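*Asks:* This is what each chain is made of:
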Amino acid sequence: MKNSLHLEMYRRMVRIRRFEAAAVDLLAKGELAGGLHTTPGQEGAIVGACVALREDDYMVGTHRSHGHPIGKGASLRGLMAELMARSTGVNRGKGGSMHLADFSVGSLGETSIVGSGLPIATGAALGAQMKGTDRVSLCFFGDGASSEGTFHESLNIAAIWKLPVVYFCENNLYAISTPARETVSVEHIAARAAGYDMPGHVVDGQDVLEVYEVVKSAVDRARSGGGPSLVEAKTYRFEEHAIGLNHLSYREHAEVEQWRKRDPIALFRDRLLDEGVISRGDLDKAEEDVGAEIGDAIEFARSSPDPDPAEAFDHVYATTLETGA
Amino acid sequence: MKNSLHLEMYRRMVRIRRFEAAAVDLLAKGELAGGLHTTPGQEGAIVGACVALREDDYMVGTHRSHGHPIGKGASLRGLMAELMARSTGVNRGKGGSMHLADFSVGSLGETSIVGSGLPIATGAALGAQMKGTDRVSLCFFGDGASSEGTFHESLNIAAIWKLPVVYFCENNLYAISTPARETVSVEHIAARAAGYDMPGHVVDGQDVLEVYEVVKSAVDRARSGGGPSLVEAKTYRFEEHAIGLNHLSYREHAEVEQWRKRDPIALFRDRLLDEGVISRGDLDKAEEDVGAEIGDAIEFARSSPDPDPAEAFDHVYATTLETGA
Amino acid sequence: MSMQPRSKPGPEVAKLNFLAALRDAMAEEMRRDADVFVMGEDLRQNLYGSSAGLLDEFGPVRVRDVPLAEAGVIGTAIGAAMVGMRPVVDITISPFLYPACDQIISIAAKSRYIYGGQTSVPIVLRASLFYNAGSAAQHSDRPYQFFLGVPGLKIVVPSDAASAKGLLKTAIRDDDPVLFFEDFNLWSTSVRCDHDDEADRTVPLGRAAVKREGADVTVVAVAASVGLSMKAAEKLGQEGISVEVIDPQTIQPLDEETIFRSVRKTGRIVAVDPAHRTGSFAGEVLARVTETAFASLKAAPRRVCTPDTHIPFAPVMEKGLYPSVESIVDAIRETVA
Amino acid sequence: MSMQPRSKPGPEVAKLNFLAALRDAMAEEMRRDADVFVMGEDLRQNLYGSSAGLLDEFGPVRVRDVPLAEAGVIGTAIGAAMVGMRPVVDITISPFLYPACDQIISIAAKSRYIYGGQTSVPIVLRASLFYNAGSAAQHSDRPYQFFLGVPGLKIVVPSDAASAKGLLKTAIRDDDPVLFFEDFNLWSTSVRCDHDDEADRTVPLGRAAVKREGADVTVVAVAASVGLSMKAAEKLGQEGISVEVIDPQTIQPLDEETIFRSVRKTGRIVAVDPAHRTGSFAGEVLARVTETAFASLKAAPRRVCTPDTHIPFAPVMEKGLYPSVESIVDAIRETVA
Ligand SMILES: Cc1ncc(C[n+]2csc(CCOP(=O)(O)OP(=O)(O)O)c2C)c(N)n1
Ligand SMILES: Cc1ncc(C[n+]2csc(CCOP(=O)(O)OP(=O)(O)O)c2C)c(N)n1
Ligand SMILES: [Mg+2]
Ligand SMILES: [Mg+2]
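Residue numbers (the working numbering), protein chains in the order written: chain A, 239 to 563; chain B, 239 to 563; chain C, -1 to 335; chain D, -1 to 335.
Each hint should be verified, as a subset may be incorrect.
Think about it this way: if two alpha-carbon atoms lie no more than 16 Å apart in a straight line, the pair counts; the simulated EDC-like pairs of lysine to aspartate or glutamate are [stated by the list, open to error]:
hint: 1; chain 1: B; residue 1: Lys400; chain 2: A; residue 2: Glu549
hint: 2; chain 1: B; residue 1: Lys400; chain 2: B; residue 2: Glu451
hint: 3; chain 1: A; residue 1: Lys369; chain 2: D; residue 2: Asp214
hint: 4; chain 1: B; residue 1: Lys369; chain 2: C; residue 2: Glu289
hint: 5; chain 1: D; residue 1: Lys233; chain 2: D; residue 2: Asp214
hint: 6; chain 1: D; residue 1: Lys317; chain 2: B; residue 2: Asp435
hint: 7; chain 1: B; residue 1: Lys454; chain 2: B; residue 2: Asp294
hint: 8; chain 1: C; residue 1: Lys317; chain 2: A; residue 2: Asp544
hint: 9; chain 1: C; residue 1: Lys317; chain 2: C; residue 2: Asp306
hint: 10; chain 1: D; residue 1: Lys317; chain 2: B; residue 2: Asp544
hint: 11; chain 1: C; residue 1: Lys317; chain 2: A; residue 2: Glu549
hint: 12; chain 1: A; residue 1: Lys499; chain 2: A; residue 2: Asp442
hint: 13; chain 1: A; residue 1: Lys369; chain 2: D; residue 2: Asp33
hint: 14; chain 1: D; residue 1: Lys317; chain 2: B; residue 2: Glu490
hint: 15; chain 1: B; residue 1: Lys369; chain 2: B; residue 2: Asp435
hint: 16; chain 1: B; residue 1: Lys369; chain 2: C; residue 2: Asp33
hint: 17; chain 1: B; residue 1: Lys267; chain 2: B; residue 2: Asp435
hint: 18; chain 1: D; residue 1: Lys296; chain 2: C; residue 2: Asp31
hint: 19; chain 1: C; residue 1: Lys317; chain 2: A; residue 2: Glu246
hint: 20; chain 1: A; residue 1: Lys400; chain 2: B; residue 2: Asp294
hint: 21; chain 1: A; residue 1: Lys523; chain 2: A; residue 2: Asp263
hint: 22; chain 1: D; residue 1: Lys263; chain 2: D; residue 2: Asp214
hint: 23; chain 1: C; residue 1: Lys296; chain 2: D; residue 2: Glu289
Don't read these hints as lab results, they were simulated from the structure.
Since we're looking at a predicted model, the values are computed, not measured.
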């Protein structure tokens, strides 16, 4: 195990956890508008997949958009400012919680229309291939999204053109309140890979290292011209679909408790300590550093101005046309 | 082998072949407007699948719409009159060649938007199930259609709800000029069934009896509550995608000739004679009868009136609203 | 996504909010006709607030949670409708209609016609207009005007809880595909409702409601803009400007006669519509009025719409974009200036 | 489906039909910019007539045949555009856009905005208007007005071969998503074209073309209706009625100033549009003109459109439905009566 990579993985997982905890706190205090779809429990899947990428690789995410850019290495200021609807947000206050995409780290959007990101990631891979680069495209999507037609169309296109893309399913067992066991007609979504003649892998999403290893091999395969893969991480969200949706009764308390015992951050920390890869002091220091980053991001956001209402009219077009003769 | 069923299968195959030959002839004579997508070569697949159904079962077809209703038992007058844009056509002249759906034989539409029929067949199966009938729904679609998202969404829905539907792919190896081997990322489309936890079967579409046996078992399974199946018939269209598209060069002459040797009608005729199931006289008589039917249908259509131009405004709504207070 | 406020179930409620009124409409029609059933995402958990108690009363066969697969789900509803069922699909937020546009336009709207009357497609597609909710550009659409150019569809956009209930009941009984758009900004509005009396109150499709009579200016408003226009009318009434407010209720087919009659009386027209200005239903109203009642017009017609930009997340940018009582008042004033 | 007439390839042609002009536009832009590429169904076989010779010149990487998967294909184009490519997607017949509506509206049109300018989506979606071709209701759509209510898209509807070529070239160079609608009824029209001179002739988006000046009536027409309107204008000119014909070329964003200027001069407006009347672009033109130039209007504005029914297969039912020289003449006459 490479010490520095592992410390970075740990740092990013903690960063996601703490960033979202801070956001929930700000929401409770009324400093945040809009819904929040949080990720606790899924950090291992997200970070394991992201760190298997190179910095210049592409990534496409989902409505549950906080973890992916952080996993890919985005700095927190622009993300927090976006959540707080400030003009300094990554999207200048136009996107909000479902769209924390930081293009500077290769993120090509976090789209809130479920399933709509799969063709985009496919297209980024096509672009990478056509431009003769060896970039790879990573596509996050949920178990719910796997039932959308775009899943099928994208995997088929990627397979026939041997595109460098890794489809990564965060199977957290539910689409809002709807269990995958009732809406996905196959036990393992990864099994569908066979229908596209591409490799499919099921991984333990609570084990960041397993995720990393498997995604890394899929990324390497893609990078060297071997074409796409489908990876399914079995994972779980510890909190509700969105903050505040506490009245739903679609899953048993015991199930949640069971999964909470497999917290990917705790598991990874224990393992790093057990195997003596990183010292307790270094891990604590990393957590402290993340805490400071979060504090800094909140300060940055708080002291940033609101967008000017007139900015609502910016960024509709890239090329403004002169009409009138 | 049951003599009468086989004679009927033979009759329907010949009916499709002759009906389309007559249509091509009428087109050449200028008696027909619009495009014609014909089926020669695929009659075994179509008829084998259709006769596995009960009369009151449902069926959904495609733009290549002549064979399916004939296979399901439609009479030719309304179909020919529709091709000839007469008011006595099955669709009163509103649909034409891509839409020869005869609802009186359980056809629920022949839709010319590729892939759009899959959800409709799925829904008919849902309706059959909810109404407590034991009707089954048969869904025709092409190799091209199999790449549409509706394929995936439909099969998944049918599987989770165990709907009584048989998805039947007429894989004639091409979507217009585009080879399935370049656009479908798996050797056998039927292999995708595994991704939905449903049975998948590959059949020789030139062998009407093999098609019949396999579809019959899938229909029986569906009827008895066993859920959906996917059947892929390997077949071939002997003519071009549409009449007149003769300038395309996407397939080798030798390939066409090879397949023509496996004409499903000739193969079936030889087999019936070889095995002594039906006498040559009876087969000839059936062909003669079909010839007479076609002549009658053409006469019927020719002597039928054109629609009144004002009929263009009928059938937009089922319930006309009284507006104005 | 915020999905508040939610409704309480049950026939004991004497005042129903918008979502509970829709719930009751569905429940009553399901009781009346065994072919009616509902399907949608997270219905069983009543996530969006209009399906409380349905699962308990009607069971999982008639209250179906669906996978995320809008084309497949709507197409499945169409197929079921063709064989005699009457599905009501809750598509939840209106942009989720887009993945199903082909099924809606090419199949639902056209099948009856293409097959020369051999079939019909009695489905209702419910979709909420989730604007003014801090949900950013992908969730805030108001796309009813999209489907105006598609013959064969009926499009209903109610303006309050009471009419919404009666319109939904009629839509469910109608034999054609009906798109039913529900303005999120009305969810908290409510209607007094005595269940025994009201259970069979339907509101006909294709009829406009004159919400307020007036002599000087005709306002045609849609969705939550009707309420805003009523307030604007009240305010101007105090200044002696008499405003007639018309709620078309069904925008396709449109009860244009009621609108023309009013404009012939007032000579002035303002159309209010929370959709983007270009391509809006409000534009269609102006076109029809000016074609047909030009001679009666005393002033330039006006549209009050959302400007042609996307909907931003930040509340400071979003909040000023939609029609407001003030902007409606201003537009009316301009017509009488 | 009939896919005639088809074009001949090559720079030696001195007169180009509509499809060959589009072919040349693509070829020239592909030569000019290595990021431009084309994708679509059956392009390599030149099935629809606008891709002759492209495969030979540019090879299969830049001339890509695609599976039937409109959402996937258009989404793939969007993704490629986001990383620096400039895809031109030939969707062939316009209703095949419907399965991809979500990608077009929620992703192509909105991404730049949602991400605060971090990205842009330079794609061109070509789609033909295949009406008046005996193809029945599912293939005969003219759906450009559909997308009018979606900010972020540009919509081009050329009216002849010459402008189509220049507009397509500009569309390919534009950094925003452009929907490019090609009227089947123009396929046989042609343009004289000296390749050396013409290769860099672009036509700006967002500018209307005044096709004919006139003093009495302004006609705003779209697609093949421009040619019909020119004939109507000629006919009426012989009777002393002077008609100005405007071709907006780009319907979104619309060059409304050119239209207003004309109406202020003529005092009369007729909008001609082969789409269904309700929800039409013609209606949007009337709305804008009456809002802005009401004081100049001397007569009721008129729309000449296709009535609100589906397109039937039988030629006897189809042929009378679309705008014709006669119906345009009648409408113009009414405005000057
Ligand atoms: C096309 C579409 N349909 C419905 C929704 C509403 N919705 C938002 S998130 C969600 C659940 C998605 O489930 P999944 O893909 O498993 O992702 P998860 O939320 O579990 O991360 C739904 C139904 C949507 N945003 N887009
Ligand atoms: C959604 C859609 N895209 C494209 C077309 C144009 N088109 C008509 S038939 C066809 C090929 C269909 O191939 P397949 O499904 O294999 O059926 P086949 O024609 O071989 O019977 C195409 C591309 C269409 N009608 N609908
Ligand atoms: Mg999930
Ligand atoms: Mg085929």
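*Asks:* So, for every hint listed, does it hold in this structure?
*Replies:* Status of the hints after comparison with the structure:
| no. | hint | result |
| --- | --- | --- |
| 1 | Lys400(B) - Glu549(A) | violated (51 Å) |
| 2 | Lys400(B) - Glu451(B) | violated (21 Å) |
| 3 | Lys369(A) - Asp214(D) | violated (55 Å) |
| 4 | Lys369(B) - Glu289(C) | violated (49 Å) |
| 5 | Lys233(D) - Asp214(D) | holds (14 Å) |
| 6 | Lys317(D) - Asp435(B) | violated (50 Å) |
| 7 | Lys454(B) - Asp294(B) | holds (15 Å) |
| 8 | Lys317(C) - Asp544(A) | holds (13 Å) |
| 9 | Lys317(C) - Asp306(C) | holds (15 Å) |
| 10 | Lys317(D) - Asp544(B) | holds (13 Å) |
| 11 | Lys317(C) - Glu549(A) | holds (13 Å) |
| 12 | Lys499(A) - Asp442(A) | holds (14 Å) |
| 13 | Lys369(A) - Asp33(D) | holds (8 Å) |
| 14 | Lys317(D) - Glu490(B) | violated (40 Å) |
| 15 | Lys369(B) - Asp435(B) | violated (25 Å) |
| 16 | Lys369(B) - Asp33(C) | holds (8 Å) |
| 17 | Lys267(B) - Asp435(B) | violated (51 Å) |
| 18 | Lys296(D) - Asp31(C) | violated (55 Å) |
| 19 | Lys317(C) - Glu246(A) | violated (41 Å) |
| 20 | Lys400(A) - Asp294(B) | violated (45 Å) |
| 21 | Lys523(A) - Asp263(A) | violated (23 Å) |
| 22 | Lys263(D) - Asp214(D) | holds (8 Å) |
| 23 | Lys296(C) - Glu289(D) | holds (12 Å) |
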